[in-house]
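Place chain D on chain W using the hints.
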Amino acid sequence: MVSRRNARCLAALSGVLLLAYGAVAIAETSAAIAEAADEPTETEHFDCRQLAEWERPESPVEWFERSLWAGHCHVFQARAVRIGIDGVRTLALSRDIQDGVEREVARFLDGPPVFFERRGHIGRMSWSNGDPEVPASPAGMARHIEQYYRLSMGSDERIANRSAVRLDIEPLDGLRFGHRLWLDEDTALPLKRELIDDRGRVVETFQLTELQPPQLYQGGVVLDATPAPPQQAWGAGWLPNGFLDQPVDTQTDRHDPEVGHRIYSDGLSTLSLFVEPIEEGRERLIPGLHRLGISLAVVRHVAVGGRPMQVVAMGELPPRVLAQVAESLSWGEASEAPE
Amino acid sequence: MSQNARESLSALMDNEGDDLELRRTLKSLEEQPDAAEAWRRYHLMRSVMRRDHDIDVSTDLSAGIMARLHAEPVPEMEAPRIAPRRMQPFARSAGIAAAVTLMVITGVQFYNGTDFTRTGGESELADNQVPAAAGQTQRNLVAQAGGGSQATPVGMPLFSPALSGGQAGGVMPVGASFDNPLFMTPNPRQSRSTDQEQARLLQSYLDRHSQGATNLSGDVWMPLLRASGNETLGQR
Numbered sequence: 001m002v003s004r005r006n007a008r009c010l011a012a013l014s015g016v017l018l019l020a021y022g023a024v025a026i027a028e029t030s031a032a033i034a035e036a037a038d039e040p041t042e043t044e045h046f047d048c049r050q051l052a053e054w055e056r057p058e059s060p061v062e063w064f065e066r067s068l069w070a071g072h073c074h075v076f077q078a079r080a081v082r083i084g085i086d087g088v089r090t091l092a093l094s095r096d097i098q099d100g101v102e103r104e105v106a107r108f109l110d111g112p113p114v115f116f117e118r119r120g121h122i123g124r125m126s127w128s129n130g131d132p133e134v135p136a137s138p139a140g141m142a143r144h145i146e147q148y149y150r151l152s153m154g155s156d157e158r159i160a161n162r163s164a165v166r167l168d169i170e171p172l173d174g175l176r177f178g179h180r181l182w183l184d185e186d187t188a189l190p191l192k193r194e195l196i197d198d199r200g201r202v203v204e205t206f207q208l209t210e211l212q213p214p215q216l217y218q219g220g221v222v223l224d225a226t227p228a229p230p231q232q233a234w235g236a237g238w239l240p241n242g243f244l245d246q247p248v249d250t251q252t253d254r255h256d257p258e259v260g261h262r263i264y265s266d267g268l269s270t271l272s273l274f275v276e277p278i279e280e281g282r283e284r285l286i287p288g289l290h291r292l293g294i295s296l297a298v299v300r301h302v303a304v305g306g307r308p309m310q311v312v313a314m315g316e317l318p319p320r321v322l323a324q325v326a327e328s329l330s331w332g333e334a335s336e337a338p339e
Numbered sequence: 001m002s003q004n005a006r007e008s009l010s011a012l013m014d015n016e017g018d019d020l021e022l023r024r025t026l027k028s029l030e031e032q033p034d035a036a037e038a039w040r041r042y043h044l045m046r047s048v049m050r051r052d053h054d055i056d057v058s059t060d061l062s063a064g065i066m067a068r069l070h071a072e073p074v075p076e077m078e079a080p081r082i083a084p085r086r087m088q089p090f091a092r093s094a095g096i097a098a099a100v101t102l103m104v105i106t107g108v109q110f111y112n113g114t115d116f117t118r119t120g121g122e123s124e125l126a127d128n129q130v131p132a133a134a135g136q137t138q139r140n141l142v143a144q145a146g147g148g149s150q151a152t153p154v155g156m157p158l159f160s161p162a163l164s165g166g167q168a169g170g171v172m173p174v175g176a177s178f179d180n181p182l183f184m185t186p187n188p189r190q191s192r193s194t195d196q197e198q199a200r201l202l203q204s205y206l207d208r209h210s211q212g213a214t215n216l217s218g219d220v221w222m223p224l225l226r227a228s229g230n231e232t233l234g235q236r
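Chains W and D, in that order, give the protein sequences. The letter at position 203 of the first sequence is residue 203 when you use the working numbering, and the numbering goes up by one with no holes. The letter at position 113 of the second sequence is residue 113 when you use the working numbering, and the numbering goes up by one with no holes.
Excised from the complex, chain W in its bound form (with noise of 0.2 Å):
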């Protein structure tokens, strides 16, 4: 079922190309995603109406992958709480789409007034590699995922005066995080999400206390390009199993240009690498085990061809997989000298 509605997504996302240039006719049979040849910038969409078309998911896996197309194309207004290290925050949250870019925004409604902003568009689940036809992260991942993870379906329960379904995601190993998501029976939007570490102990939630009706967007939502991948010398040596090199460019401007960032997911969880040159002058974290919130970081201060660096392993993972990712990077032609 997932193949056929993954060619039926490709399909439709040729019909919303062609529908932009007012042709009638919608793509039934085309299985390549189309792009609009005199159009500059060669934008893919993905057609949010299809969802409504879509039949009601059966599997774990189906719900999960359903589960991230609805997030990306509904438009909802809720209010909710977050569960964490810091105690109990409340926020209001937006979600829109203009002109295929997804806009989310969080206002905390207790403590200093802090807004979170977001824009973005649907993933890819990993660089282009020459290979023209990259699938979209969510019909990716979700298949991904069940390589790494064990998912099951748990009882029915209410959550935001909503009926939702639970789905159990536990990890086949100790090197990740499990989650645990309820999802709603109508729209299979994630209305609340439990952060699980690896002692089995509930470290974040998320959850809708109150969502307004959500509308199923009625356009298209971009699609990544494909991007080349990047060309730093460095990466990982190591990783867990089935963290993948990710198509995403991230910047601050808290950080000078020379702060390079690589990211890798297996679908759930995410590890950052930072690497930079030490230069006199610059801050730089003291070397160890860090940890803000619920995120941890391991930071390494090495020489490579002679040159001090610092390397930075992050994310919500257990602290031995960042030390191990830490210790274990790859740099090219240059060797990484005893510290």
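No wet-lab data here; the hints were simulated from the structure. Hints are all accurate, no fakes.
Pair by pair, the computed Cβ-Cβ distance ranges are: (1) W:277 - D:194: 20 to 26 Å; (2) D:193 - W:173: 37 to 43 Å; (3) D:230 - W:199: 31 to 37 Å.
What you are looking at is a predicted structure, and each value in this text was computed from that prediction instead of being measured. Even for Gly, the Cβ is constructed at its ideal location relative to N, Cα and C.
Structure of chain D alone, referenced to chain W:
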């Protein structure tokens, strides 16, 4: 139970006993049934003091137990001459921890919350932002660090208890058992301002990590809320 046996038991529990002491104690346990009972009580006492959630309460937590704990002579008070040996346990325990994990971590920095990234009014935050309902352990940590500020890094154990198989407790994956005195050590290396700078700097990495994670993990909200906020992540 003799005073010697009591001392031996106490020393063994603090990982101070040598082989001779171990043999002597095992022998006394055979000969004196009450010594075994004391051994059990000492462990229970230690667990209670550490708020160890994993203690076995199935055996004898009846109404009289607290009274018996109070009545139990406290070995440290009775035996001041063992004090010099107490200089040893930290280094030794830390060594054991390192051997168990096979991984040397040179320092653990523990930053409580992310509100230090807000500009201005930090002293107000310190007053207003005492974490709510985060569990007794965390409040203790904040108290130990000498202030209620969210920005205060807490504790500086040489080895993470989470790495070395420390006992579980609360919701914190690391630092859950920072109240284990064996792993506590003062923080002589850094001033509080250095800690704040470190925490701020770390948050800049976490912002980029979170930005990436919102694109990947199938969940936007949880990673988004780990960032420092008040700026737009992703396409601008």
